[in-house]
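Engineer: Using the sequences provided together with the hints, build the complete structure.
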Amino acid sequence: MTDHSETAVLGKDSAPVIAEEELVEGSSLWKDAWARLRKNKVAVGSLVVFVLICLFCVLGPFLSPYDSNAQDLFSGAEGPSADHWFGTDTLGRDLMVRVMVGGRISLMVGLVATVVALAIGVIYGATAGYIGGKVDASMMRFVDLLYALPFTIFVILLMVAFGRSMWLMFVAIGCVEWLSMARIVRSGVLSLKKQEFVEAAVSLGYSHSRIILRHLIPNVLGPVIVIATLTVPAVMLLEAFLSFLGLGVQPPNASWGVLINEGQANMEIYPWLLLFPAAFFAVTLFCLNFIGDGLRDALDPKSAKD
Amino acid sequence: MPLLDVDDLTTYFHTRDGVVRAVDGVSFNLERGETLGIVGESGSGKSVTCYSLMRLIPEPPGRIERGTAMFDGRDLLQMSPKELRKVRGDKISMIFQDPMTSLNPYLRISTQLIEALQMHRDIDSKAALNKAIEALEEVGIPGASKRVFSYPHEFSGGMRQRVMIAMALITEPDLLIADEPTTALDVTVQAQIMEIIKQRQNDLGTAVILVTHDLGVVAGSCDKVLVMYGGREMESGSADQIFYRPRHPYTRALQKTIPSLQEKGQELFTIPGLPPDVSKPIHGCAFHPRCPYPKIGSPEGERPQLEDIEPGHCWAACGFCDSSAPIETVLAKADDHVAEPVDGDA
Amino acid sequence: MLKFIALRLLQGMLVLLGIYAVTFVLVAATPGSPFSSERAIAPEILAQIEAFYGYDKPLGERFITSLGNVLQGEFGPSAVYANRTVTQIIAESFPVSIKLGSISLLLALVLGVPAGILAAVKRNTWLDYLPMSVSMAGICLPTFVMGPLLALVFGLILKMLPVAGWYGPEYVVLPATTLGLYYAAYFARLTRGGMLEMLNQDWVRTARAKGVPEHTIIWKHCLKGGLIPAITFLGPALAGIISGSFVVETIFQIPGLGQWFVRAALNRDDFLVLGLTVLFAAMIVIMNLLVDIVQVALNPRLKYD
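Protein chains in written order, with the numbering used here: chain A, 1 to 306; chain B, 1 to 346; chain C, 1 to 305.
What the hints contain is simulated information worked out from the structure, not anything from laboratory work. Hints are not guaranteed to be accurate.
[Said to hold, decoys possible] Using 30 Å as the maximum straight-line C-alpha spacing, the simulated BS3-like pairs for lysine-lysine come out as follows: (1) K99(C) / K134(A); (2) K126(B) / K220(C); (3) K122(C) / K39(A).
Computed from a predicted structure; not experimentally measured.
Structural biologist: So this is what it looks like as structure tokens:
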């Protein structure tokens, strides 16, 4: 504080120094995002509920005395009781175990198909954005075209044509849900490409791979995480839709969609058969959507509410 | 009675991370036809001052905590929304920093130009349109009778700012608030825009508050100057007083940053450090951490009080440094030392 | 403008052609034959039937023939429901689906768009939180959950409305609500987002500085731009309502196209699948064309070209 020439010298350089730090130390961004996310009570609550549901479905069947396919025709379609907390279905199978096992499949679809969608979308979008120009324009025009197509119809036909295999369904759903991902990644890459720090990196002679690894990916990661989180419920929805129509997961395997279908067939007499799987399904979608929204607010403070 | 008399204007933003004291007790006044320049770095609170006068700050999180702003005998800060709407666009108009985003891209220029007329004057749309064309011609837009039906995206940045000026002045207001009207424009266009504002001001006798961080702009166009820093008034006075007899270290430092006032070949001067973080309480003098003058005493203490130096010229009398010498002497002395980088809270 | 429409129509035709081709290949790739499903038929008779429908020809030739027929408006016979042509089935069921679909879409818009505007204008008040929580709930209750639940509550427990069939106006309520609510939720969220984006623009501040009252700012300055996301979603919403109708028509036993489609796909009723797919796709393509036109009309920065 005694010699002001020092601070003057330092002051002249201070602005670029700060910019460099922000660029290299992306971690503070993630720390900030985490802090913001933790403050979002709805998102944190949703995360807790979602984790509980996952644990319930994954670990539950090991702890339950019942087998998901063990039929007991003498205790068919009984309401919730001390023995069977969620009741039993028309074939006397314990509904709680079936909800757990169905949940495993539904959640797995969510995970696998999202990964498929993520892979296609990121590669496609990043390519379009990075190349730019006419290639980008025509690639995105193609995505626009696909957006406007009745994809569920194709998925239905695909399932009919190639047998109702679960893995085929994962891929088919993934192939449908990559479009938003591609758009987000592409616009992210495109806007970053224009930004000065990327231009600066180019002018400093950094290689393409270094630019992509150090600058583009860390900066596009946020929106991609958000959109991936929001793709999970969309994918689960499509699976349940197909299973509901009898085109997805096939009995005796169960997914929440299958269970909801079985439930609605008998809801007049045995409403619990509909209510339990429907509740689990809806709550899971609810949580995932809120987590996605929370992540968006946390990772993109500009769009966040004040 | 001055046209506008602002006293102790204080605007805070109550955010999750704390209270941002954007404007902290600012006072000034303005006669009819006069031009007041409000000068300061980014974040000094000069724009918020203007928005507060127009009551355009988003509430919440913003809040005008105290103060009065007597305009033509009535307090702007106490007006009901309805009274306020009658003043806005009629008696007081405003033009903004970025002409690219300040015009509605979904509406024709004509619609936006005549909106204020329709709102505040009893005028049929044909007459309003004629007035709009006239207004465009007055700010130098060629082919105004045709271009009035264009959309904003068909205009360049400089042209849009002309449209903004035409729009603001179409009701011939008593006061025009120009919030950094040239900052977002090309250097060549900046002078033209300032010229148009000045010319229209002369034609209409409008008083102008010109917000800028460019002291050079102020020098050419203002009668009075208010220097702000950290949401506070540092010094105010007539343009001559501020330019020829600056008293506050910050004003002096700011003046050193005008390139055209420096000797050729000299390294350009920048004020070291960053503007204060107004989300934390400021003790003592806001400029203290960056002040190049030799400090005396502890930086903690009472906020400096405004003190008159001569009629119409006052400064936030800072007792934390010895600011009697001209700044050149201080800086020259500092340069003699061998610079050794220190971690600066400076 | 005309050139724009003509160009988009042409593009739509190409899209339809592509859809037709893909559907044709998918249907042809499905194992088995449309005619072998019902009961055991002697191989030579089966061969005769297949020859009658042209199934003995190579795939490429069959594609050309069927495409030619479709272009003449002839979708062929239903392979499963003897004595009925695809055109007849469509003529019977299309009005049902159109009625259900348009009421649902209308319901979605009438509920969703105003709710979204209100939520944006009254941001961070209960007028924002309430509709937005309801719409979040709506998005998490897809048609196949909402349908049975509504049927259970209003049909079976409260006995207010019929849950199956298609006879009078009261039969429309539950299925249209099931389909419409889901998309109302989407429209509400999209409209809110669009309006908020507009309300946060600098030019809204300019309008306020001119003394423009809030309601004029909303209607005159923000609505055009704020509605664009919702309008863009009309295409996907129609596609979703079509596929939603597969479920809703099954749940509520409505004799519309959706039910036909699922049955046709499961029974390998090739001509019916092709006919319905083209019809659905054509509706979506037309809707997207309309959306494009409206978008350009709303946004002066876009041009018809």
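Engineer: If a hint holds in the structure, say so; if it does not, say that too.
Structural biologist: Hint check:
1. K99(C) / K134(A): Violated, at roughly 43 Å.
2. K126(B) / K220(C): Distance of about 20 Å is within 30 Å: holds.
3. K122(C) / K39(A): Holds, at about 23 Å.
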